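Protein sequences, first through last, are from chains C and S. First residue of the first sequence? That's 1 in the numbering used here, and the numbers climb one at a time after it. First residue of the second sequence? That's 1 in the numbering used here, and the numbers climb one at a time after it.
Honestly, the hints are just simulated from the structure, not real lab data. Watch out, some of these pointers could steer you wrong.
[Unchecked claim] Here are the in silico distance ranges between beta carbons for each label pair:
#1 S:30 / C:314: 10 to 20 angstroms
#2 C:249 / S:233: 19 to 29 angstroms
#3 S:6 / C:314: 24 to 34 angstroms
#4 S:262 / C:144: 21 to 31 angstroms
Predicted model only: the values in this text are computed from it and were never measured. Glycine included, every Cβ here is placed at the ideal spot set by N, Cα and C.
There are 2 protein chains.
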Amino acid sequence: MSRNLKLGIFGFGVVGQGLYHVLEETKGIKAEILKICVKNKQKKRPLPMEYFTYKKEDILENPEVDVVLELIDDPKAAFEIVTAALKKGKAVVTANKKMVADHMTELYELQKEYNAPLLYEGACCASIPIIRNLEEYYDNDLLSAVEGIFNGSTNYILTKVFSEQKSFGEALTEAQELGYAETDPSLDIEGFDAKYKLCIILTHAFGLFVNPDDIFNYGIQNISEFDIKIARERGYKIKLVAKSRKIDDKVIAMVMPQFVSDKSELYKVEREFNGVIVEGAFSEHQFFIGKGAGGYPTGSAVLSDISALTYNYMYEYKKTKQVADLELSSDYEIIIYLRFDNQSIINKDDFNLILEEYKALENHYVIGKINFSKLVGSKWLSNPNINIILMENGNENHC
Amino acid sequence: MSRNLKLGIFGFGVVGQGLYHVLEETKGIKAEILKICVKNKQKKRPLPMEYFTYKKEDILENPEVDVVLELIDDPKAAFEIVTAALKKGKAVVTANKKMVADHMTELYELQKEYNAPLLYEGACCASIPIIRNLEEYYDNDLLSAVEGIFNGSTNYILTKVFSEQKSFGEALTEAQELGYAETDPSLDIEGFDAKYKLCIILTHAFGLFVNPDDIFNYGIQNISEFDIKIARERGYKIKLVAKSRKIDDKVIAMVMPQFVSDKSELYKVEREFNGVIVEGAFSEHQFFIGKGAGGYPTGSAVLSDISALTYNYMYEYKKTKQVADLELSSDYEIIIYLRFDNQSIINKDDFNLILEEYKALENHYVIGKINFSKLVGSKWLSNPNINIILMENGNENHC
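Start from the sequences and build out the full structure, keeping to the hints where you can.
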């Protein structure tokens, strides 16, 4: 049956404080905060000072602490804390997506070796219980795809740009003020944050351990007024979409802006919300939507992990045992919109087939089929005067 | 760790056969079918006859059978099978919503007494993992509401009527042909099926054990062309919505047709899909959508329960321990549309406030605030020449 837990917390920012309040008002959960380890001695704290310490040993070496909550920003320091805690046999909960994605293999091995659980529901789409669902509910299913909007701050920005005609800069500032954007906004804007979440999902959906560097991400930083005009004319919104899809024994995965029509569930996912589509052979089409950023939704997910620990829950990583021989592939065809300001920048021969071509004084675009590996290897991809957007349903064809 | 399971199945209809195919193609799950107990000796079976038996003892008294799958239509016979199996200490999986809802208290006690698990994810919204999510993920949250479209066949019918201008009868026949409607369509049409699911959810969301007879259901059988015209004029669709909401220490619950605008997530839930909205104090607004009917989605949910049993999973019924002193209330105000063909039928004094009134030669309606207990007790409610539809956001005010 369930047991009482004593918590040691690292970090007391938006998520930590959100968690504290959620915990305060939740009578059912048997957990109490023993110590909170913070860095900045100057900062005023909203709790009595006896809760706080500046020495990590006060938590890591404290035999009373059952569960370590790692809620700091710095992925390197976070990994050290998590490693040390697991080696002490302590259960660990984290919401640090970069840290988990970067070290998935080591974290998996550490859990096995020390029989200590590491849970990280808060690292993926905050309030949407996607990892637990993939792990627990879809383990029997022939999963074919998991995709969606995994980043709340870019979605907030795109919503403001699309629905309220705000400029990109205005919208970004607003997202940061509301606490939806990470300290380093490029992590959000350039698609890294969504990619880290996708990597974690790849493990729990398809049993793959993937280095984030091996997954392609293209952000929303190059979206121009012209791109937005084209989207509007065609009845699309632009969304930053993370995708993974199993095709035979290959898995394709990427983060890219995509044109989304109102036929897609993702069309209506607005502001800081995230939306995840899960496709299975038998459960068919499932869609989850929930708040993807902010202290309370993330705090709530973290607390859910704590609650699971009172019942000694561990991820089983069932897919790593069930699904054999899946591997990442970049040999497949996608259909993209490529906008550029100068014909000499791009090489149209990189495309297998040009479907549409538009020329004007300032802006040009092509829409065409291109092999994904060709796109990723192209010279023009890093040019800031271009933009690429995946066409809707433009990623289904495997070569 | 996980164990191999030997299955005994009662019933081999749409769900049983769906399950069989799902199981066939799922390599990861450690479960094999030992025996299938069926009633009709004449029916041709799509499997070798050595799988089949006509004696329930061949499963219930067979010490090799670990898990009994109860997939028959008849709730009374189903309850006998489930009871007998639990008393033998066998794990049981069922998709029979009426049986579970009617006997929730007894089934809860039986599980405790014999320490045998009963799982029924397939009984609630088929492929949507709502019970597991309420049980596992929201147990720490201050849940405020669970509501949605819980019945695939009425939603299919309403979609056909609204989007394809089909008649009610045509749409019903089509739903039955596709296997979306129950053998007795009145269970669907009159809102009983959705109500049984709501009762099960009330236990897992709010810790309430509720007799289905104590929950009000009003179906879609009285929806007329006039009602549809009014809905269209106002930009609404009509959906059959099951609702539960916590207001202070009271819980309100009902199944009713409702006007739904495109501001609601439920607006886009079409055909046989179900949609469930979960509101929590911290996770805030969550929305799940998935196929709510059919052999494969239900079979997939049943198999997910089997998979959970390989890890000895049991529902903890955590809310029954966490949330104290909640009780069902019918003392609250709702806003309804009431259509009638004859002024003498209804009693307008039953309303606290009439907001709109429309008179014509054939059809009349009022929109007004009425106490829920007054509505349920009114004489005119059972008159077939009226119809009631809940106004959108018409159920938030507790007296």
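Now the hints, each set against the structure:
For residue 30 of chain S and residue 314 of chain C, the hinted distance range of 10 to 20 angstroms is satisfied, since their beta carbons lie about 19 angstroms from each other. Distance hint check: the CB atoms of residue 249 of chain C and residue 233 of chain S are about 54 angstroms apart, inconsistent with the given range 19 to 29 angstroms. The hinted range of 24 to 34 angstroms is satisfied by residue 6 of chain S and residue 314 of chain C, whose Cβ atoms lie roughly 26 angstroms apart. The given range of 21 to 31 angstroms is respected by residue 262 of chain S and residue 144 of chain C, whose C-beta atoms sit roughly 29 angstroms from each other.
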